[in-house]
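Participant: In the order they appear, the protein sequences are chains A, B, C and D. Residues in the first sequence are numbered from 1 upward in steps of one, following the working numbering. Residues in the second sequence are numbered from 1001 upward in steps of one, following the working numbering. Residues in the third sequence are numbered from 2001 upward in steps of one, following the working numbering. Residues in the fourth sequence are numbered from 3001 upward in steps of one, following the working numbering.
Since the hints were made in silico from the structure, they are not lab data. Take these hints with a grain of salt, some might be off.
Claimed, not checked - If we take Cβ atoms under 8 Å as the criterion, some of the chain C residues that face chain D in the derived model are: (1) Asp2240; (2) Val2253; (3) Ala2254; (4) Tyr2340.
Unchecked claim - Going by beta-carbon spacing under 10 Å, a handful of chain D positions derived as facing chain C: (5) Ala3039; (6) Thr3092; (7) Arg3121.
By construction, the Cβ of each residue, glycine as well, lies at the ideal position given by its N, Cα and C atoms.
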Amino acid sequence: MATSVFALEPLWLALLLQALAALLLFLIGAVVVGYLEHKVLAHMQDRLGPMEAIWHGIGQLPADGLKFLQKEDIIPTAADRWVFALAPAVAVVPGVVVIAVLPFGPGLWLTDLDAGIFFALAASGVTVLGTLMAGWSSANKFSLMGGLRGAAQLISYELPLVLAAAAIVIQAGTLSLPGIVEAQHGFTLFGVPMIYGIPHIIGLGLFFVAALAELSRPPFDMPIADSELIAGHMTEYTGMRYAFFMLSEYAGMVILSALATVLFLGGWYPWPGVGLPEGAAGMVLGFVITFAKILVLSAIMVWLRATFPRMREDQLQRLSWSVLIPLGLLNIVLVATAKVWF
Amino acid sequence: MSVPEVVMLATGVVGGAAALLVVTSRNVVHSALYLVVALLAVAGVFLVLGAEFVAWAQVLVYVGAVVVLLLFGLMLTRAPIGPTGQGNELGKAMPLAVALAVFAGLVALIVTSYGGEVIALEHVPPAALGEVLYVAWALPFMTLGFLLTLALIGAVVIARREEGEGPLPEPDPDEPEAAEASPPDSSSWPQRQPEPTPDEREVSA
Amino acid sequence: MSETLPHEGGVILPGGPGEAMSVEIRDGGLVTQEMNLNIGPQHPATHGVLRVVIDLDGEVIVRARPVIGYMHRGFEKLAEARDYRQIIALVNRHDWLSAFCNELGVALAVERLMELEVPERAQWIRVLMSEWNRILNHLMFIGSFGLELGAITPVFFSFREREDIQSFLESATGGRLHFTYTRVGGLKEDLPAGFLDASRQMAATMRSRNDEYRQLLLGNEIFQARTKGVGALAPDVAVDYGVTGPTLHATGVAEDVRLSEPYCVYDELDVKVPVRTNGDSYDRFVVLLDRIDASLDLIEQVHEGLPAGPVNRKMPKTVKAPEGATYVRTENPLGQGGYYLVSDGGKTPWRMRMRTPSFSNIQMVPELLEGSLLSDMIAILGSVYFVVGDVDR
Amino acid sequence: MPTVRSSETSPPATRLAPEAIAALLAERLPEAVTATTVAHGQLTVDVVPEHLPRAAALCKREKALAMDFFDMMAGVDAGEDGFHVVTRLYSTRHRHAVLLRALAEGGREAPRLPSLTGVYRGANWHEREAYDMYGIVFDGHPGLEPRILTVENFEGWPLRKDFLLTTREIKPWPGEKVPKAKEEPAKADAGGEPADDGPSEEEKAAAKKAKAERAKQKAAEMRAKKRAQREAEAGGAQGSPGEAAPEAGGEGRGGGGDEPGKGEGA
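Generate the whole structure from the sequences, applying the supplied hints.
Facilitator: Written as structure tokens, this is what we have:
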């Protein structure tokens, strides 16, 4: 198995480079997916989307970022200042941290943790704290309702997400993300090399639905439901702090798509059994393949946004507890049985 | 001092300070947020000790689920911004005594078990942990799991009974507060929220 | 302080700004305090400045009280200070989505008081314009209803059609929203060349597009889950409140002015009124879609039967309605519009009461809201079709 | 789709002619019905105010009438007599309608009518609107306040003819299209086309002068009000500012609205 390109000496240089790379990947990923959402949504809705900033509006998101920087930072008088100010950071930091374990190509990861998948899920689960803090500290009833809905939703969808990932861990026999990719590379179904996504179609579905709910993306966007709760926990936020929430949403799309890519779609390999060239070429190719898979998954998320109305809070809970979680448990039993038998 | 020792000390201090703030903060939500810091510090301690899996489990379960549930409960029930009245009639002495007793007990336990022994810090891979849990301690582990499942089912059963099957406690009409809390007559249009009585104002002050 | 502990005797802490739904534990049971929430006057779901004060128990609405009047512009008073020509431009504006149907009502009222016979062609064109206006209006609500439920795409589609329709209506009337095309005794002027062709073409396009809307939303599982059985309105309640239009037709009552008291040339046309029986949000939405088809049928009948001739009568410079009173009903897109015109023989009305469908619809809304979920409120408010200007006048 | 077509639904045979409805009402409630008029095919029944709910209930419950649909309610300024309230009831089954007209008791000072909310739920807001616009009090209504369309602390009854449009009060109106009392229009109309010819120079000058005077008067009033308020506050709790304000405001409005149309019309 390849080692990380960041396994450098001395340690401080490696750490510095890792931190920089994580931040850069986080920003680039969020901006690219954000642009994707603008454009895909627009074309699905019979319009063009941003067209002015540079070529085909490609500079729209950086321009938005600049604009957000100039906006007045408003903290409501009744708000709990510290919690209000900290909430966007709490929403963003887990995203940056998770980037550290995501493999974007052969050797293209910052660090390979033994319990990588576990770490990624644990860290991304912390994001909900930001939502809760923002919802409570805004001193706004709509925000509070949004925070409550967000918390309820994230608690109930963390379970299917972890269950779906657990099935893959059983299949691959490792918790390490690069390890799962390599295990998948050698996986065959009745002699045919196969990505996990095909036999684990239930798991893939579970993971994708739960990821949508974790991200509060339509059709599970009740915490920010604009026609009910204005913007939920983000109602009182302006300028850069608001931009942080948006950033964490788009980065969340990247992260969960990347996880799904690793777990179900064969990571940086075009197809299990099909290798990549050695060295830098393989790295670049691997990165391109990984990113393409991430973008496809993100585009599907955007597609769902263009297609579906919003669900209702009780319907969402019912879906999780009476459909997804039993299905997730069943999936684990099936996978474990199959793993022992074959 | 070696690097791990410094980190250990730092996380320990942060965790201890946060834990102290949890109990001294006058604002319940702040307490819960300090609890997050304390739990993260504990995860840090686990990391320094090489127990990576336990550290992430701590984050996933305690920060991601338990505290979130706690905050959810707080917000759902009563979490006005600003300090709230201390609702603890046990005062401060009793909890302090309990905490000290637990601390003393744990210290005594550790000292008697490992007193003087030097344990080398080494990274425990999840595979090794799995080996221990599912091979050496498989029976106790499964018993524990069974017990927790039973507890979960029991909780669901109790909750369901309260919801529909059992009799709901009727609010006592003679109780003055009950009349106050009852919704104002809908025929008088529109309704403003009733002014807080002097008693209630006092609590908020 | 010790005697008012939160868990003793059920004293509820008065909340700060961030007060939540408070729960008290009393006698071993949970008693919740309701949260009072103002939806509006500025809120995305209220289509303008309407305020709904709701008391929430968790997510369940316990009480709902619509507060109106934020857009009250005193049109009834203004009408008393305007001559009839000016009133036609005025009534365009209270329900800005049904401009033509409104102005038609006033013209009909004055014509009835004057016992004026309007040229045949003008009457046919009035029907044509009314039906196009109806489609314009319904397109708006089809788009916005999806938007409120979180489906953001339909609104772009429906606005594409709205633009197209407005463009060719503009060629005849000069207006895109406020047409002011009617005059007492006829119309402003005849249709321009090419108008009928554009109208024919648009009718054909609209037919296929209407199926597109059906496919876009109706088959969607989530859409059905969000709307079926939500905010079901009983026919007797609807009639008691004076609810009309698509909201009434969804309950199974086929009361439509075009059937029961035909004006213009509706009695010569085959008017179809789509009716459904459940009265819930889903049915109200389906009725809206079906009404577009029904309106297209009427438009095609007008295309075929439109007679030649003048479009207005020679009228005196100042129109004076003779002394008397009359009540004229028209089937506006949102329901029955009514104009009670009292004239003292002058050139301004002595009194003109505007009976607007949205007013009655909103009055009925608490019946549907109470006991439903907060999210359902959006589905209900979005499907009890109203325009705030029409409520407040 | 289930549809109802006009070709399938001719007017029901049970539909009653206006005259028949009038006869039926007069027969069943002779003490309530004072007069019936049929104009433009519409029946208007004048009802004794106190019997209005009974008449409405009869219209709703009588099998042959079955007027289940509450259409609308309109207040109409009836000059010196006070205010009419016209209620339209309609039958969705028989497709006939009646306009019940009642003259509110109490003249212009304290118009009162019994409420129809017990008969039709839809009457609620219509009555609130009539109260808001004309000050007609409906006995038995669950809550006329706060005012439904105007702001809660609005003073005056906007649709009464003696209530001038505020713009006319602030800015003199050289034209004639001010809502006038009943006698006025005939006089004004004799002038031909007043809407089209603009105000003459003298009129403009006079209007300007009048405006300046009014502004002065208003400023003086405000000063007096403020002074009174300060004194009240300094003096203690006996006169709260909330009490002083409406009084002064009422005077101001009374000065502008007591004699409608006069001065402006000529």
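Participant: None of the hints should be skipped; say for each whether it holds.
Facilitator: Verification of the supplied hints:
no., hint, in the structure
1, Asp2240, "holds, 5 Å"
2, Val2253, "holds, 6 Å"
3, Ala2254, "holds, 4 Å"
4, Tyr2340, "holds, 5 Å"
5, Ala3039, "holds, 6 Å"
6, Thr3092, "holds, 5 Å"
7, Arg3121, "holds, 5 Å"
When the structure is compared with the earlier hints, no violation turns up for any of them.
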